[in-house]
Structures are given as structure tokens and as C-alpha cells.
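Visitor: Start from the sequences, fold in the hints, and give me the full structure.
Protein chains in written order, with my numbering: chain G, 1 to 245; chain B, 1 to 55.
Treat the hints as calculated values from the structure; they're not laboratory data. C-beta: ideal position from N, C-alpha, C; glycine also. Hints are supplied without guarantee of correctness; some may be wrong.
Label pairs and their in silico Cβ distance ranges [what the hints assert, rightly or not]: (1) Ala10/G <-> Ala51/B: 56 to 66 Å; (2) Trp122/G <-> Ala51/B: 18 to 28 Å; (3) Leu25/B <-> Phe42/G: 17 to 27 Å.
Coverage of chain G stretches by chain B, computed from C-beta distances (three or more under 8 Å per stretch; other residues unrestricted) [what the hints assert, rightly or not]: (4) 43-56; (5) 96-103; (6) 112-122; (7) 214-221; (8) 231-242.
To give an idea of the interface, some chain G residues facing chain B are shown, with a C-beta separation under 8 Å as derived from the structure [stated by the list, open to error]: (9) His60; (10) Trp109; (11) Arg224.
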Amino acid sequence: MAINMFKYAAPSTFYGLAGKLIPVFAWPAAILFCIGMYIGFFVAPTDAVQSEAYRIIFIHVPASILSMFLYLIMAGYAALGLIFNTRLSSMMATALAPTGALFAFISLWTGALWGKPMWGAWWVWDARLTSELILLFLYLGFIALQSSIEDPRRADRAGALLAIVGSVNVPIIYFSVKWWNTLHQGSTVKLSGTSMHIAMQQAMFTMFAALWLYAVAITLLRVRSIILERERNTQWVTELVEIKQ
Amino acid sequence: MNWLDFFAMKGYAWYVWGSYGIAILVFIIEIILVMHKRKVTLQQLHLIRDAKIED
Chain G
1 MAINMFKYAA PSTFYGLAGK LIPVFAWPAA ILFCIGMYIG FFVAPTDAVQ SEAYRIIFIH
61 VPASILSMFL YLIMAGYAAL GLIFNTRLSS MMATALAPTG ALFAFISLWT GALWGKPMWG
121 AWWVWDARLT SELILLFLYL GFIALQSSIE DPRRADRAGA LLAIVGSVNV PIIYFSVKWW
181 NTLHQGSTVK LSGTSMHIAM QQAMFTMFAA LWLYAVAITL LRVRSIILER ERNTQWVTEL
241 VEIKQ
Chain B
1 MNWLDFFAMK GYAWYVWGSY GIAILVFIIE IILVMHKRKV TLQQLHLIRD AKIED
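Guide: Right, dumping it as C-alpha cells:
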């Protein structure tokens with residue numbers, strides 16, 4: 001396994017592997033998304049308190065969790081690239097950032113559309129919402145910083161520092177509902193169990209799996225372009241079938 | 001339950017469909033942009049290849 005890991009740490013071998021893996025993630029993502037939507041809208045019952053508005057949860061919670069999770073993965077890859085000087089890890093960090101930013105945006109957008117009917121406000125400056133907004137800015141800052149530096153290796157290092165320092169924000173988002181008095185509700189699903197209806201749980205976990213698989217597929221697709229761009233002067237790129245033809 | 005009632009979402013239609021609509025739109029735009037990026041990258045590499053052949 002260790003040998004395999006190192007083998008695929010090289011952009012030349014990972015490029016081919018990523019290409020094969022994309023449909024493996026993309027198709028289940030599409031199918032699970034449809035199943036999740038079906039359970040979420042046709043199987044899950046109407047909520048006693050929030051009526052039909054609660055159905056936003058099936059996109060809001062998975063997108064929010066993933067926006068935080070992808071940030072940690074991105075910072076982890078960026079740190080690996082910084083410490084071990086591995087090219088591929090830095091490229092993965094760069095490829096993850098836009099998808100993470102979009103999940104943060106979806107989290108805020110669906111949150112606003114849920115907040116308006118339930119709280120009476122699109123936005124409030126409470127701890128959970130504000131820290132999630134900062135997460136979006138961190139993603140955008142990472143992208144802007146990297147694209148403002150011409151030398152890709154220097155851009156990797158500068159971006160990595162920002163990503164690592166910014167990761168302190170993720171536990172703040174996660175624990176904000178416990179640490180401060182916020183308008184945002186606490187977690188409904190805990191390790192100790194949940195009071196959620198079984199169909200609601202199924203819809204949320206199915207959507208979570210779908211979005212996760214989607215994030216992997218789209219990141220692999222994006223990283224393949226980044227690999228080609230950065231490795232364009234190498235022998236293996238010029239010998240690729242899609243370049244030669 | 002008929003379809004009109006379903007889409008009305010008991011008065012929360014704008015909020016519910018606004019959430020899912022924008023989320024799905026974001027995914028579609030992202031997929032188009034990333035696929036376009038791949039196309040452009042390949043085109044650039046073809047140009048580089050052709051320039052080398054001419055040399």
C-alpha cells in the first residue's frame with residue numbers, strides 16, 4: 001500500500017488514475033443525489049414546527065459540513081506540499097478551493113432562505129453565520145492569493161500558509177453553537193443519537209454522500225487540468241494520447 | 001397530494017425551491033466551467049505541440 005501511495009503521488013501516474021476514478025465518483029454522486037431528493041421530498045414527513053420549510057436541511061447541512069471538511073482537507077494537502085515539497089499535494093489544494101468556496105456559498109445561501117421564514121431575517125451577525133462567512137472569505141482569499149503570484153511554487157507556499165492559519169476557523173464554526181448563545185440551532189444529529197425521523201436522516205445522509213462524491217469527482221476533474229498546465233514542459237505530458245492525437 | 005400543492009410547499013415554495021434551485025445551478029455552472037477549463041488546457045497544449053513541430 002505504501003508503495004502504491006508513493007507511486008500515485010507523482011503527477012504523471014495520478015493524472016491517469018484520476019481520469020479513471022472520475023466516473024467512479026460522478027455516477028454514484030448523481031444517482032445518490034436523485035435518491036436523496038426523492039426521500040427528502042416524497043418520503044420524509046412534514047415537520048410539525050417548521051412545516052415544509054425544514055426541507056432545506058437536506059441541502060443546507062451536507063453543504064455546510066462539506067464546506068468545513070473540504071477546508072481541512074485543502075489545508076492538509078497544502079501543509080503536505082509545504083513540508084515535503086510534493087507537487088501533487090499543492091495541486092490538490094488548489095483544485096479543492098473553488099469547490100469548497102461553492103459549498104460555503106450554498107451553505108450561506110440556503111441558510112439565508114431558511115432563516116428568513118423561521119427567524120424573520122435573511123442574515124444575523126451571530127457566531128455561526130459570521131464564522132461561516134469568514135470561511136467563504138478564507139477560500140476566496142486562498143484562491144486570490146494563489147492567482148496573484150505568478151510562480152506556481154511560490155503561490156503554493158503562500159497559499160499553504162494562509163490555508164493552515166485559516167484552519168483555526170473550522171473548529172470555531174463547528175463549536176460556535178455551543179460556545180456562544182446563537183440564534184442558529186445546535187446539531188440535531190449527535191454521536192449520542194438523534195431525535196430526527198428516520199426518513200429525514202436517510203435523506204440527509206444520502207445527500208451528504210452525494211455531495212461528498214460530487215466534490216471528489218469535480219476536484220479530480222479540476223486537478224487534471226492543473227497537472228497538465230503545470231507539467232506541460234515534461235516528457236510524459238507531450239506523450240499523452242490526448243496531446244499527441 | 002396533487003402537484004400544485006407539492007410545489008407550493010405550504011407557502012414556503014420560494015425558500016425551498018430557491019435553495020435547491022441555486023444549489024443545483026451552482027453545481028451545473030461548476031461542471032461546465034471545469035470541463036471548459038480542461039478543453040482550453042488541451043487546446044493550449046496542442047498549440048504548444050504544433051509550435052514545436054514547426055520548429
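Visitor: Does each hint fit the structure? Answer for all of them.
Guide: A quick look at each hint next to the structure:
1. Our hint of 56 to 66 Å for Ala10/G and Ala51/B is violated, since their Cβ atoms are close to 27 Å apart.
2. Trp122/G and Ala51/B have their C-beta atoms about 53 Å apart, which leaves the hinted 18 to 28 Å range violated.
3. Against the hinted window of 17 to 27 Å, the Cβ-Cβ separation of Leu25/B and Phe42/G comes to about 22 Å, which satisfies the hint.
4. Coverage of a stretch by a chain is defined here by at least three residues with a beta carbon nearer than 8 Å to that chain's beta carbons; for the stretch 43-56 of chain G and chain B the count is 6, and the condition holds.
5. Counting residues of the stretch 96-103 of chain G whose CB falls under 8 Å from any CB of chain B gives 3; the rule of at least 3 is met.
6. Here's how the stretch 112-122 of chain G fares: 4 of its residues keep a CB closer than 8 Å to some CB of chain B, so the rule of at least three is met and the hint holds.
7. With 3 residues having a Cβ less than 8 Å from any Cβ of chain B, the stretch 214-221 of chain G passes the three-residue criterion, so the hint holds.
8. As drawn, the stretch 231-242 of chain G meets chain B at 4 residues by the rule of a beta-carbon pair under 8 Å; at three or more, the given contact holds.
9. With 8 Å as the threshold, the beta carbon of His60/G comes within range of chain B, its nearest partner Cβ sitting at about 7 Å, so the hint holds.
10. Hint on Trp109/G holds. Least Cβ distance to chain B is approximately 6 Å, under the 8 Å limit.
11. Against a cut-off of 8 Å between C-beta atoms, the interface hint on Arg224/G holds, since the closest Cβ of chain B lies about 7 Å away.
The structure fails to meet hints 1, 2 from the earlier list, while all remaining hints are met.
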